[in-house]
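Peer 1: Sequence:
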Amino acid sequence: MNKYLAKIIANDQEGLRMISACSSGAKVKIVDIKYLESSKVFLLSIERTKVETDQEDKKINSICRFDFVDKVRSKNINQSNKDLILELIGIDYLKNNDDYEINLIFNNNAHIALTTETIEARLEDQNEIK
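Residue numbering for the sequence shown follows my numbering, beginning at 2 and increasing consecutively.
Mixed in with the good hints there might be a few duds.
[As the list claims (entries may be wrong)] Simulated crosslink set (DSSO-like; lysine-lysine; CA at most 30 Å straight-line):
hint	residue 1	residue 2
1	Lys72	Lys35
2	Lys131	Lys72
3	Lys59	Lys8
4	Lys41	Lys96
5	Lys96	Lys59
6	Lys131	Lys30
7	Lys131	Lys59
8	Lys35	Lys59
9	Lys131	Lys35
10	Lys30	Lys76
11	Lys83	Lys60
12	Lys51	Lys131
13	Lys60	Lys35
14	Lys35	Lys76
15	Lys76	Lys60
16	Lys83	Lys28
17	Lys83	Lys30
18	Lys30	Lys8
19	Lys28	Lys41
20	Lys96	Lys8
21	Lys76	Lys41
22	Lys8	Lys76
23	Lys30	Lys59
24	Lys28	Lys60
25	Lys8	Lys131
26	Lys41	Lys83
27	Lys8	Lys28
28	Lys96	Lys72
29	Lys72	Lys59
30	Lys41	Lys30
31	Lys41	Lys72
32	Lys131	Lys60
33	Lys76	Lys51
34	Lys131	Lys96
35	Lys51	Lys28
[Said to hold, decoys possible] Cβ-Cβ distance ranges computed for the label pairs, FRET-style:
hint	residue 1	residue 2	range
36	Leu44	Ser81	15 to 25 Å
37	Ile31	Ile130	29 to 39 Å
38	Lys59	Asp99	18 to 28 Å
39	Asp71	Asp93	24 to 34 Å
Since the hints were made in silico from the structure, they are not lab data. Keep in mind it's a predicted model, so treat the numbers as computed, not measured. Every residue, glycine too, gets a C-beta built ideally from N, C-alpha and C.
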């Protein structure tokens with residue numbers, strides 16, 4: 002049995018698009034979204050369907066990590082509702098002067114904007130969901 006766990010590292014638009022495609026439709030619990038301000042790391046634990054293999058129904062736990070994050074803003078997300086599950090629709094970014102703004106777009110018009118000095122993101126599979 003193939004225990005293929007993906008690890009995608011992105012430091013440009015192309016890589017970010019790849020991570021976005023792989024995590025589109027992923028489920029995210031509010032409690033699994035963390036911003037470690039002191040280390041400028043933003044973490045998102047997601048449950049995604051493995052789209053990059055032909056096993057359509059395979060679910061996998063992955064960590065989506067963004068480095069060099071200076072600021073995080075969220076909109077339309079009730080952070081006090083720990084049981085809330087969001088669906089990640091996609092990830093895109095804008096260049097703002099010297100900064101990038103990476104946007105995590107969720108269902109129900111919710112989104113999280115990350116202000117970073119550089120694009121440094123990774124999607125790392127943790128384990129399959131049985």
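Peer 1: Are the hints correct? Go through all of them and say.
Peer 2: To see whether the hints hold, each was checked on the structure:
Between the alpha carbons of Lys72 and Lys35 the distance comes to roughly 12 Å, so the proposed pair stays at or under 30 Å and holds. Distance check on the hinted pair: Lys131 and Lys72 sit about 36 Å apart at the alpha-carbon level, beyond 30 Å; violated. This hinted pair checks out: Lys59 and Lys8 have alpha carbons roughly 16 Å apart, not beyond 30 Å. For a cut-off of 30 Å, the pair hint linking Lys41 to Lys96 stands: about 19 Å separates their Cα positions.
In summary, the hint linking Lys96 to Lys59 is not supported, as the alpha carbons are separated by about 35 Å, beyond the 30 Å threshold. For the given pair, Lys131 sits about 19 Å from Lys30 by alpha-carbon distance, which is consistent with the 30 Å threshold. Proximity of Lys131 to Lys59 is assessed by CA-CA distance (about 9 Å); at most 30 Å being required, the pair is judged to hold. A distance of roughly 25 Å separates the Cα atoms of Lys35 and Lys59; the hinted pair therefore holds under the 30 Å criterion.
At roughly 25 Å between alpha-carbon atoms, Lys131 and Lys35 fall within 30 Å of each other, so this suggested pair holds. As the CA atoms of Lys30 and Lys76 are separated by approximately 15 Å, the hinted pair is consistent with the 30 Å bound. With a C-alpha separation of about 22 Å, the suggested pairing of Lys83 with Lys60 holds against the 30 Å cut-off. For a cut-off of 30 Å, the pair hint linking Lys51 to Lys131 stands: about 13 Å separates their Cα positions.
Among the hinted pairs, Lys60 with Lys35 is consistent with the structure: their alpha-carbon atoms are about 22 Å apart, no more than 30 Å. In summary, the hint linking Lys35 to Lys76 is supported, as the alpha carbons are separated by about 15 Å, within the 30 Å threshold. Distance check on the hinted pair: Lys76 and Lys60 sit about 28 Å apart at the alpha-carbon level, within 30 Å; holds. Restraint check for Lys83 and Lys28: satisfied, since their Cα atoms lie roughly 14 Å apart, inside the 30 Å limit.
Distance hint between Lys83 and Lys30 is fulfilled; the C-alpha atoms sit about 7 Å from each other, no more than 30 Å. Of the pairs offered as hints, the one joining Lys30 and Lys8 holds, with about 21 Å between alpha carbons and a cut-off of 30 Å not exceeded. At roughly 23 Å between alpha-carbon atoms, Lys28 and Lys41 fall within 30 Å of each other, so this suggested pair holds. Among the hinted pairs, Lys96 with Lys8 is consistent with the structure: their alpha-carbon atoms are about 25 Å apart, no more than 30 Å.
For the hint pairing Lys76 with Lys41, the CA-to-CA distance comes to about 20 Å; that is within 30 Å, so the pair holds. In summary, the hint linking Lys8 to Lys76 is supported, as the alpha carbons are separated by about 29 Å, within the 30 Å threshold. A distance of roughly 19 Å separates the Cα atoms of Lys30 and Lys59; the hinted pair therefore holds under the 30 Å criterion. A C-alpha spacing of about 10 Å is found between Lys28 and Lys60, which places the hinted pair at or below 30 Å, so the restraint holds.
For the hint linking Lys8 to Lys131, the alpha-carbon distance of about 20 Å falls within 30 Å, and the restraint holds. A C-alpha spacing of about 23 Å is found between Lys41 and Lys83, which places the hinted pair at or below 30 Å, so the restraint holds. This hinted pair checks out: Lys8 and Lys28 have alpha carbons roughly 18 Å apart, not beyond 30 Å. A hinted pair counts as satisfied when its Cα atoms are at most 30 Å apart, and Lys96 with Lys72 qualifies at roughly 15 Å.
Restraint check for Lys72 and Lys59: the C-alpha separation of about 34 Å exceeds 30 Å, so the hint is violated. Restraint check for Lys41 and Lys30: the C-alpha separation of about 21 Å stays at or below 30 Å, so the hint holds. With a CA separation close to 8 Å, the supplied pair Lys41 and Lys72 stays within the 30 Å bound. Between Lys131 and Lys60 the alpha-carbon distance is near 8 Å, which keeps this suggested pair within the 30 Å criterion.
The straight-line distance between the Cα atoms of Lys76 and Lys51 is roughly 28 Å, inside the 30 Å bound, and the hint therefore holds. For the given pair, Lys131 sits about 40 Å from Lys96 by alpha-carbon distance, which is inconsistent with the 30 Å threshold. Our distance criterion of 30 Å between C-alpha atoms is met by Lys51 and Lys28, whose separation comes to about 13 Å. For Leu44 paired with Ser81, a C-beta distance near 20 Å keeps the hint of 15 to 25 Å intact.
Remark: the range hint 29 to 39 Å for Ile31 to Ile130 is contradicted by a beta-carbon distance near 19 Å. Between Lys59 and Asp99 the Cβ separation comes to about 40 Å, which falls outside the hinted range of 18 to 28 Å. A C-beta distance of roughly 18 Å is found between Asp71 and Asp93, which places it outside the suggested range of 24 to 34 Å.
Checked against the numbered hints listed earlier, the structure breaks hints 2, 5, 29, 34, 37, 38 and 39; every other hint is satisfied.
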